[in-house]
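**Student:** In case you want the letters, here they are:
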Amino acid sequence: MTSTETTAGSASQKSPGAQPLLLAIGFVIVILLSAASVWLVDRSSDDADTVIQTLDVQNSLSLILLNLRRAESAQRGYIITGQTPYRDEYQQAAKNTGPAVESATKSIENNLALQGLFSEVPVLVREKLAEMARSVELYDSGKVDEARTLVRGGEGRNLMEGIRNAIVTMYNNERQQLDRRRTESTRTNLYLLAASLLGSALILLIGGTSVYLVQRTSRQRDAAQQELKATNENLEAIVADRTADLREANDEIQRFAYIVSHDLRSPLVNIMGFTTEIEAIKKGIFEQLTALRKDDTEALKKDVEMSRDFDESLGFIKGSIGKMDRLINSILKLSREGRREFKPEYISMDDLVKSIADTVAHRAAEKAIEVTVDTLPPIKSDRLALEQVFANLIDNAMKYTQPGRPGRVRIRGRVDHAQVVYEVEDNGRGIAEEDHQRIFDLFRRAGLQDQPGEGIGLAHVRALVRRLGGYMTLKSQLGEGTTFIVTLPRRMHVEERQAA
Amino acid sequence: MTEHVQIIMIEDDEGHARLIEKNIRRAGVSNDITPFSNGTEALKFLFGTDGTGASNRGRAMLIMLDLNLPDMSGVDILKRVKENEHLKRIPVVVLTTTDDEREIKRCYDLGANVYITKPVNYDSFANAIRQLGLFFSVIKVPESTRA
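Chain order of the listed sequences is Z and D.
Numbering (numbering that gives the first Met the number 0) for the first sequence: 0 to 499.
Numbering (numbering that gives the first Met the number 0) for the second sequence: 0 to 146.
Because the hints were derived from the structure by calculation, they are not lab data.
Just so you know, these numbers come straight off a predicted model, no measurement behind them.
Even glycine gets a Cβ: it sits at the ideal position worked out from N, Cα and C.
Any given hint could turn out to be false.
[Claimed, not checked] Here are the simulated DSBU-like cross-link-like pairs (lysine-lysine), alpha carbons at most 35 Å apart as the crow flies:
# : chain 1 : residue 1 : chain 2 : residue 2
1 : Z       : Lys281    : D       : Lys104
2 : D       : Lys81     : Z       : Lys322
3 : Z       : Lys332    : D       : Lys104
4 : Z       : Lys293    : D       : Lys21
5 : Z       : Lys282    : D       : Lys104
6 : Z       : Lys301    : Z       : Lys281
7 : Z       : Lys379    : D       : Lys104
[Stated by the list, open to error] Partial selection, computed: residues in chain Z whose CB lies under 7 Å from chain D:
#  : residue
8  : Ser265
9  : Val268
10 : Asp324
11 : Ile455
12 : Ala458
13 : His459
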């Protein structure tokens, strides 16, 4: 039993530590995975933005080149052929170049590196446009040769070369950056994939461990419960055994008291009977003696003395028998009370105690004793037993008054959790400290023996209170008064005792 | 009660038996009193050697019964008498020290005709027995059934 207890104990100590920790780790991993996913999505969208931006830049750069080349080839066609469609096309393309440059400038707004590379492009474009415009102007004004010389001079080609170089550099630059980003992105994705897989594996591992731990704990708990149940059942059996033993012992005592009292009574009948017979015989003898004595006064006097001694002895014998009879009756009464089955019912203690107070009202008035009954809490208990208890206590309170002081008896009550406490308080002669226990013993009394009684009442009361499931105490000071305190369960449980 | 009615007194205490007899006689009852101080002998007399009670048929009897006997309980005797075909009409007076209510009820349930508690106070005792004697002198006792 001890070993199982310790294992069960250690299991219950371990599980609350390991389980939440595992759960926490699992949560952290899930959170990290989620964060990584969010970051990845964000990153992907960033990457997409960058690609779009790069394409945008490349596109606008291409557009500059395209327009310039269109303008250049149209310009050259015009100067060679002099046909107006070439001129129109040249003008159209030249006009489109400006916006293309603006759009490119705008697309690289956030890219300092490109801005550096791009800075000379607008200047070169402007110069190129100016060069072309000059040649077309010369041609229009009839200076065909001068215009052709200008084209042949190579200024335009050089400018165009510069622009192309700058733009190709930018183009390549952008592509390299894009490639770099793509590589980085791929690597990040790989890392994230690895992390996700690892995290998932960890979560699976944690889940598995948790399931194992839970199963082990529940197995241990089941075992512990089984053990506990067995122990409880065993305990119940032990308690039932002991209760049965006690009950038997109690019954034995009751039977013993009952039988003994009866067997004691039987010889008493004889003693009393034959003593009375002797008394009758004695009467006859002395009558006959008196008749015989005639005038012998001396002898008559002696006879009277003898008769008196006779009566004295018989008187003592009969007095003792009477006393013994009362004691035996008390024991019988106690033992009979001990055998009586209690019938718990709801009782208004106000009514019960007041009716007792009413029955003693006459005696109280004679002895000038004031009996007060406060409001008392009700109880579920045996009515007859409670009547006996309180009748006895009130009777005692009224019996042992302090001479020269008007008697006062007060009955109080209060509820204390599952118990009710009733107090019978008097201002009587009180009980000395050393007698506080003794007065509860059978045939024992305390103080001045000036009142009739056998010393049964309190023993009886205490036995009753005990059987009702309560207990009795007292507070008392010699010459001041006494308070008997009866504590009883609010609801008497009868199953156990009733079975007895 | 006619002269031929026999009083059977089953009482283990000789003193009690003597006191009872004295006081019954004082009431003027002169019937024959047969005392038994234990249950076995009393049963042997009542039920005869064959144990059927047939030996006593045709006789008029009255039983005074104490409950506390050394060899058995008077209740058992009462039960057997009241269950016997020949003896069941014999009036049984339970005369005992027990005044336990359950015991009294039990005796009447079993068919006891009278239940009297012996008082320790001799005046009461003597008075009770004398009254019983007076009672004996007026009651009718049937003869045992002739089966």
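**Student:** Out of the numbered hints, which ones does the structure contradict?
**Tutor:** 1, 2, 5, 11, 12, 13
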